[in-house]
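Novice: Take a look at the letters that make up each chain.
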Amino acid sequence: MTNSLPRRIAGLLLCLALLALAVLLSLAVGARAIPFSTVVDALWHSDGSPEAVIVTTQRVPRTILGLLIGMALGLAGAVMQALTRNPLADPGLLGVNSGAAAAVVTAISFFGITTASGYVWFAFAGAAAATVVVYLLGGGGKGPGGPVRLALAGTSIGAVLVAYTYGVQMLDAKALDQFRFWIVGGLSGRDQSVLLDVLPFLVVGIVIALLLSRPLNALSLGEDTGRALGVNLAGTRLASAATVTLLCGAATAAAGPFAFIGLAVPHAARALIGADLRWVLPYAMLLAPVLLLGADVVGRVVITPSELEAGIVTALIGAPVLIALVRRRQVVPL
Amino acid sequence: MRTLSPARSIKDVRLAADRVSFRIEPRTLVVCLILILVTAGLVLVSLSVGDYPVPFPEVIKSLQGEGSRLAELFVVQRRLPRALVAVVAGIAFGVSGAIFQRLTHNPLGSPDVIGFGYGASVGAILVILFYGGGALLTATGAFVGGLVAAIAVYVLAYRNGVNGLRLVLVGIGVSAIFIAIINYLVSRADLRDARAATVWIVGSLFERRWGDVQLVGFGLLLLIPITVILSRYLPMLELGDDAAAALGVPLERARLGLVVVAVGLTAIATASTGPIGFVALAGPQLARRLTRSPGAGLTAAGLMGALLLVASDLIARRAAAPSELPVGVVTAGVGGIYLGWLLLVHSRRTR
Numbered sequence: 001m002t003n004s005l006p007r008r009i010a011g012l013l014l015c016l017a018l019l020a021l022a023v024l025l026s027l028a029v030g031a032r033a034i035p036f037s038t039v040v041d042a043l044w045h046s047d048g049s050p051e052a053v054i055v056t057t058q059r060v061p062r063t064i065l066g067l068l069i070g071m072a073l074g075l076a077g078a079v080m081q082a083l084t085r086n087p088l089a090d091p092g093l094l095g096v097n098s099g100a101a102a103a104v105v106t107a108i109s110f111f112g113i114t115t116a117s118g119y120v121w122f123a124f125a126g127a128a129a130a131t132v133v134v135y136l137l138g139g140g141g142k143g144p145g146g147p148v149r150l151a152l153a154g155t156s157i158g159a160v161l162v163a164y165t166y167g168v169q170m171l172d173a174k175a176l177d178q179f180r181f182w183i184v185g186g187l188s189g190r191d192q193s194v195l196l197d198v199l200p201f202l203v204v205g206i207v208i209a210l211l212l213s214r215p216l217n218a219l220s221l222g223e224d225t226g227r228a229l230g231v232n233l234a235g236t237r238l239a240s241a242a243t244v245t246l247l248c249g250a251a252t253a254a255a256g257p258f259a260f261i262g263l264a265v266p267h268a269a270r271a272l273i274g275a276d277l278r279w280v281l282p283y284a285m286l287l288a289p290v291l292l293l294g295a296d297v298v299g300r301v302v303i304t305p306s307e308l309e310a311g312i313v314t315a316l317i318g319a320p321v322l323i324a325l326v327r328r329r330q331v332v333p334l
Numbered sequence: 335m336r337t338l339s340p341a342r343s344i345k346d347v348r349l350a351a352d353r354v355s356f357r358i359e360p361r362t363l364v365v366c367l368i369l370i371l372v373t374a375g376l377v378l379v380s381l382s383v384g385d386y387p388v389p390f391p392e393v394i395k396s397l398q399g400e401g402s403r404l405a406e407l408f409v410v411q412r413r414l415p416r417a418l419v420a421v422v423a424g425i426a427f428g429v430s431g432a433i434f435q436r437l438t439h440n441p442l443g444s445p446d447v448i449g450f451g452y453g454a455s456v457g458a459i460l461v462i463l464f465y466g467g468g469a470l471l472t473a474t475g476a477f478v479g480g481l482v483a484a485i486a487v488y489v490l491a492y493r494n495g496v497n498g499l500r501l502v503l504v505g506i507g508v509s510a511i512f513i514a515i516i517n518y519l520v521s522r523a524d525l526r527d528a529r530a531a532t533v534w535i536v537g538s539l540f541e542r543r544w545g546d547v548q549l550v551g552f553g554l555l556l557l558i559p560i561t562v563i564l565s566r567y568l569p570m571l572e573l574g575d576d577a578a579a580a581l582g583v584p585l586e587r588a589r590l591g592l593v594v595v596a597v598g599l600t601a602i603a604t605a606s607t608g609p610i611g612f613v614a615l616a617g618p619q620l621a622r623r624l625t626r627s628p629g630a631g632l633t634a635a636g637l638m639g640a641l642l643l644v645a646s647d648l649i650a651r652r653a654a655a656p657s658e659l660p661v662g663v664v665t666a667g668v669g670g671i672y673l674g675w676l677l678l679v680h681s682r683r684t685r
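In order, the protein sequences belong to chains A and B. Okay, so the first sequence: first residue is 1 according to the working numbering, each after it adds one. Okay, so the second sequence: first residue is 335 according to the working numbering, each after it adds one.
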């Protein structure tokens with residue numbers, strides 16, 4: 001295993017380089033390929049040429065959105081798995097995705113809202129409401145067996161919300177017609193105002209998540225050891241749940257549910273550098289946007305002139321990588 | 335997990351001069367009996383209610399073949415096979431869910447861990463989109479798709495044996511691929527096909543007839559004895575691989591056998607109702623909480639699954655009458671609320 005400090009730092013730098021590459025590709029590749037030099041020029045001083053306009057008005061916002069959402073989902077997944085100590089936990093486990101989906105289908109069917117920017121606040125409110133209910137029902141994950149209860153509470157509330165979502169779609173064909181596009185998850189067709197709406201939530205969530213790495217590390221040693229190490233258990237759990245809601249709620253509101261990234265990337269990070277959250281969190285934060293932006297870029301070119309949604313490509317690219325990692329390396333439990 | 339079980343009374347039963355002996359927990363026995371009675375009662379109710387209501391005495395007469403022709407048509411030809419499919423599929427989902435949860439040591443474990451439901455959905459959707467979706471053809475597509483997914487997961491997870499966590503992680507990966515394909519197909523299909531596909535994914539019992547009952551019933555009769563034989567390994571496997579091996583459990587064969595049985599059970603249930611994943615997840619959890627046992631007992635889990643599905647189908651038929659909801663919608667709703675309520679009650683008790 002690569003556990004020595006220099007190798008871990010080198011790995012982190014490698015992740016950073018990969019991320020930079022993904023960002024550049026995301027700016028350059030598309031229905032109209034633009035040379036890197038033009039991209040860089042356009043970023044410094046837009047000369048008003050069509051290429052420069054495409055880069056600054058279309059691809060820069062889309063790339064920033066993908067970058068932030070990727071970071072948010074990677075971190076949210078790692079925090080969620082640490083909080084519930086369950087490898088099957090994804091950021092949606094607290095009901096974030098299903099709450100958002102239920103709210104969006106309500107917005108479509110009962111309020112006749114049809115635009116992405118109209119969905120945002122519904123999605124966010126639904127995500128937050130679902131999380132609060134799950135957290136209370138799950139008893140905040142306290143005590144032995146607490147994480148299991150939290151996970152089950154999330155699953156059962158999630159099931160109820162999914163049932164509602166499907167029920168509405170069954171009775172209202174119009175809602176099904178719109179909703180089936182939202183549920184896929186993608187970066188295209190999400191306008192700039194969406195990004196500005198969710199930006200503060202994402203930034204705050206990312207900072208808090210990174211600060212949580214030490215207390216969550218202590219929590220992973222078990223209830224008693226954590227307390228003996230002087231960690232405020234209840235506070236850590238509450239902060240973790242709040243962070244996941246901020247990150248995942250904002251990401252889902254902005255771009256639809258991406259279930260796979262938050263689930264898989266932390267596992268990949270653990271397979272690479274072990275279970276220490278002080279390293280898992282930064283790795284997950286850097287690798288998740290690589291996957292998301294890479295998937296978005298691939299989705300733009302595979303079926304031109306049409307696009308394949310990033311949510312679909314993410315799974316098609318990410319899943320084989322996850323499987324290969326799991327097969328090659330020792331499986332690292334939480 | 336183990337904190338749930340206070341001191342429990344366990345009775346030894348010895349028969350035929352100790353040649354047959356087994357242990358019974360009275361509480362589990364009582365719970366199972368109650369589950370059977372409630373399920374039977376619900377089946378009777380579902381034979382009676384509908385757009386053409388048949389009063390109970392008439393239902394009994396029809397079952398004995400002495401009812402009016404119309405009553406017999408509705409009770410025996412329409413409602414009984416549908417209720418029986420619900421019972422059988424519910425048992426199959428519940429048992430397979432319990433096996434998976436105990437094999438993976440994870441309460442979130444379900445046949446979906448191994449990607450079966452998603453593979454089955456892809457198979458069924460492809461049939462619906464490209465062959466117009468006849469019932470038997472759709473079931474076949476689902477069966478094939480599910481098996482492809484399950485085999486892919488097992489083979490990819492196999493490396494000098496199958497480790498529980500690796501199985502789960504590979505399952506997540508393979509499932510993600512199938513989910514992506516499902517979302518892609520549904521978002522690209524025309525609206526009518528998308529709706530048919532969604533109904534199938536959610537799971538429904540529309541138009542189930544005696545042919546379906548024979549199919550799932552035969553499958554269940556075939557698999558239950560094998561399950562009973564293999565299930566004795568489960569408690570030992572739960573002690574961990576080393577302890578189980580020390581107790582003489584043939585690890586890989588036992589695990590493979592249990593996975594195959596569980597997948598088989600899911601396969602027959604999914605082919606007949608669609609992937610109602612939540613029954614497999616909630617059934618064992620509900621049963622475990624009712625019997626207050628540390629692990630999900632297979633019998634109780636199966637009966638709980640049957641109860642869940644029969645009750646859900648009854649609601650699905652009547653809640654939005656005269657139109658019907660797909661049963662999967664109701665299952666998730668009812669099961670989710672019930673599980674949530676049990677969690678709440680449990681938290682009060684421990685406080």
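Watch out, some of these pointers could steer you wrong.
According to the in silico footprint, chain A covers these stretches of chain B (three or more CB under 8 Å from chain A) [stated by the list, open to error]:
{"#": "1", "region": "375-386"}
{"#": "2", "region": "502-509"}
{"#": "3", "region": "518-524"}
{"#": "4", "region": "568-576"}
Heads up, simulated EDC-like pairs for lysine to aspartate or glutamate below, C-alpha to C-alpha not over 16 Å straight-line [claimed, not checked]:
{"#": "5", "chain 1": "A", "residue 1": "Lys174", "chain 2": "B", "residue 2": "Glu406"}
{"#": "6", "chain 1": "B", "residue 1": "Lys395", "chain 2": "B", "residue 2": "Glu406"}
{"#": "7", "chain 1": "B", "residue 1": "Lys345", "chain 2": "B", "residue 2": "Glu359"}
{"#": "8", "chain 1": "A", "residue 1": "Lys174", "chain 2": "B", "residue 2": "Asp527"}
Chain B side only, calculated, beta carbon under 10 Å to chain A, not exhaustive [said to hold, decoys possible]:
{"#": "9", "residue": "Val478"}
{"#": "10", "residue": "Val482"}
{"#": "11", "residue": "Val664"}
{"#": "12", "residue": "Ala666"}
Read the hints as simulated data drawn from the structure, not as lab findings. Treat the numbers as computed from the prediction; the structure is a model and nothing was measured. Heads up, the beta-carbon is just placed ideally off N, CA and C, and yes, glycines get one too.
Novice: Run every hint past the structure and note whether it holds.
Specialist: Now for the hints, and whether the structure bears them out:
1. 375-386: violated (count 0)
2. 502-509: With 6 residues in contact (Cβ-Cβ under 8 Å with chain A), the coverage given for the region 502-509 of chain B holds.
3. 518-524: holds (count 3)
4. 568-576: violated (count 0)
5. A:Lys174 - B:Glu406: violated, 39 Å
6. B:Lys395 - B:Glu406: The hint holds at about 9 Å.
7. B:Lys345 - B:Glu359: holds, 6 Å
8. A:Lys174 - B:Asp527: Distance ~14 Å between Lys174 of chain A and Asp527 of chain B Cα, so the pair holds.
9. Val478: violated, 21 Å
10. Val482: violated, 15 Å
11. Val664: Check passed: Cβ of Val664 of chain B comes within 7 Å of chain A, closer than 10 Å.
12. Ala666: holds, 4 Å
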